[in-house]
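**Student:** Each chain, letter by letter, is given below.
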Amino acid sequence: MEFVTHHPVLVVSLIKIAIALFVVMTALAYLTWFERKVVARIQSRWGPYWVGPHGLLQPLADGIKFLFKEDIVPPAADKISYVLAPFLALALALTTLALIPIGPATISILGQPTQLVISHSNVALILLFAISSIGIYAVVLAGWSSNSKYPLMGGLRSSAQMISYEVSLTLSVVGVLLIAGSFDFYDIVGGQSGHWVHVIPKWHIFPQILGFICYLTAAIAETNRVPFDLPEAETELVAGFHTEYSSFKFAMFFMAEYANMITVSCLATLLFLGGWLSPFPETGAWRWQLYLPAAGLIIAGIGLIVGGLRGVQLSAKLVFPVLGIVCLGVGYLCTLPGVMPVIQGPFWFTAKVFFLLFFYVWARGTLPRFRYDQLMSFGWKFLLPLSLINLVVTSLVVVLRLR
Amino acid sequence: MNGSYLDSYAPLLLMFLLAAGLAAVLIIASSVVGRHLKVRAKDQPYECGIRPTGDAREPYSVHFYMVAMIFILFDIEAIFLYPWAIVFKQLNMFGFVEMLLYIAILVVGYIYLWKKGALEWK
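First to last, the sequence lines map onto chains A and L. Position 253 of the first sequence, counting from 1, maps to 253 under this note's numbering, and the rest follow consecutively. Each number in this note's numbering corresponds to the 1-based position in the second sequence with 1000 added.
Hints should not be assumed to be uniformly reliable.
Said to hold, decoys possible - If you want the ones that stay clear, here's a sample from chain A, every Cβ over 10 Å from chain L, calculated: (1) Tyr30; (2) Val199; (3) Thr283; (4) Ala295; (5) Lys317; (6) Gly329; (7) Val342.
To be verified - With a cut-off of at most 16 Å between alpha-carbon atoms, the simulated EDC-like pairs for lysine to aspartate or glutamate come out as follows: (8) A:Lys381 x L:Glu1120; (9) L:Lys1038 x A:Glu70; (10) A:Lys79 x L:Asp1043; (11) A:Lys202 x A:Asp187; (12) A:Lys202 x A:Glu282; (13) L:Lys1042 x A:Glu70.
Note that these hints are calculated values from the structure, not bench results. Glycine residues also receive a C-beta, built at the ideal position from the N, C-alpha and C atoms.
Model the full structure from these sequences, guided by the hints.
**Tutor:** Pasting the structure below:
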């Protein structure tokens, strides 16, 4: 108890980190399930179906299977860097999430008022980029330390690709910084409040549409996703830089990849899509929007109950109605006056991040892979000049509007 | 000032420590749990089932090195633009012209690289 009174910040952030890690690990697991389901539907398949109702326990089964697989460290490998690579990848991918705020509200934990972010820094954006850039080392180390040809080629390709698109990624954000004038996510999102002609939200995506396109393309390339997944081009390089990895070390690279996907989607939401701001004006006529989170949960709950009872699988008939009742309960909680204002920010933030993640999966389901020379010339000859032009035009407009 | 500094960065350090701890636990768990059966063939580097020839520590295309050098050039440019973007509204027209000069110098280098074929992937 004395520790709590002496170091309130540490204890409160410990609680927040525990919640954040739990939520993120669950989200990672179910993102794989979601991806497999969506890609399966795009390809007219069912996707995971038999492990639990509609394959809902598939991520858990995968995790257990990974854990019980044989963990091979090749004798030819450089042991220290071989183990260090997956460790760095996952640890850094999770650390970046500490800088991402999910709402404007201030809540109270153990009597301490605290914000909905783990680490509120005034240079959060730079810190985030700095931490996520170290993640490239994981790929290089994994490729080199395996001492095998496919990982080496995969690692080299991957690092060349990641650093090429990193330039466009960092440059595409400068346009937003010019308008916002701050590295602090709270200021950046705060500057996007309000509406043009009462309907169009003042999000940076509208003046910065070029920057947004550059950012999104570069972000997909940074996270090594389709159509830029050359580092792990199965048909050419077996599995790329993690060919020699097995057991949970192999899984950790995937966890890191999905965590990075979540991070760049959160960043895109904060910088371009207005973060936790609602797309509707905050006038009296739009007060009903405060009930949207509750309404969404209640509709989802009813859908789960009805759909579950009409389902074919026995497990679905048992589990889905229970989940539906939980949804209804949480939906009711969201209408309570103490909870309603707090839940608005996280609701819109999650909705936008979810949409971006869906976009990621959608791209994977529809686009073919680039060839390596196309990839490099696209990054250097198209994306880089485009983000530079965007930067110059934005600064010109900003300076002319100041006069 | 000191207090607020610690307030914002101590949680970040804590997050890193916990995330690193989680990663370490996963690595240790995977090497403890699960069966281990040493077979000579299993220890060889993977090469599509054929017997591995030579070592992976071989020279590779110099082009990767070139990309790394170009990256350093342009990434430093991007990093210099960050503080500039923050104080841009105070600098006003002066800042805009200075930045144009700065970018112009880099664009000259960029055109040189393009003409030299450094951005070409062979």
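**Student:** Is the Cα-Cα distance between Lys202 of chain A and Asp187 of chain A 16 Å or less?
**Tutor:** 14 Å, holds
**Student:** Would you check the hint for Lys1042 of chain L and Glu70 of chain A, treating anything up to 16 Å between C-alpha atoms as holding?
**Tutor:** Holds - the C-alpha atoms of Glu70 of chain A and Lys1042 of chain L are around 11 Å apart, at most 16 Å.
**Student:** Is the hinted pair Lys79 of chain A and Asp1043 of chain L satisfied, with a Cα-Cα distance of at most 16 Å?
**Tutor:** 13 Å, holds
**Student:** Can we trust that Val199 of chain A is non-interface, i.e. its beta-carbon lies farther than 10 Å from all of chain L?
**Tutor:** Holds, because the least Cβ-Cβ distance between Val199 of chain A and chain L comes to about 27 Å, which exceeds 10 Å.
**Student:** Going straight from one Cα to the other, do Lys202 of chain A and Glu282 of chain A come out at no more than 16 Å?
**Tutor:** 13 Å, holds
**Student:** When you look at the beta carbon of Val342 of chain A, is every beta carbon of chain L farther off than 10 Å?
**Tutor:** The claim stands: Val342 of chain A keeps its Cβ more than 10 Å from every Cβ of chain L (closest is about 20 Å).
**Student:** Find the nearest Cβ of chain L to the Cβ of Thr283 of chain A and say whether that gap is larger than 10 Å.
**Tutor:** Given that every Cβ of chain L is farther than 10 Å from that of Thr283 of chain A, nearest at about 29 Å, it holds.
**Student:** Are the Cα atoms of Lys1038 of chain L and Glu70 of chain A separated by 16 Å or less?
**Tutor:** 10 Å, holds
**Student:** Take a quick look at Gly329 of chain A and tell me if its Cβ sits farther than 10 Å from every Cβ on chain L, holds or violated.
**Tutor:** 30 Å, holds
**Student:** Classify the label on Lys317 of chain A as holds or violated, using whether its beta-carbon is more than 10 Å from each beta-carbon of chain L.
**Tutor:** 34 Å, holds
**Student:** Would you mind confirming whether the straight-line C-alpha gap from Lys381 of chain A to Glu1120 of chain L stays at or under 16 Å?
**Tutor:** Distance ~9 Å between Lys381 of chain A and Glu1120 of chain L Cα, so the pair holds.
**Student:** Just double-check Tyr30 of chain A for me: nearest Cβ-Cβ distance to chain L has to come out over 10 Å.
**Tutor:** Correct as stated: the minimum Cβ-Cβ distance to chain L is 18 Å, above 10 Å.
Hint check: no violations occur; every hint is consistent with the structure.
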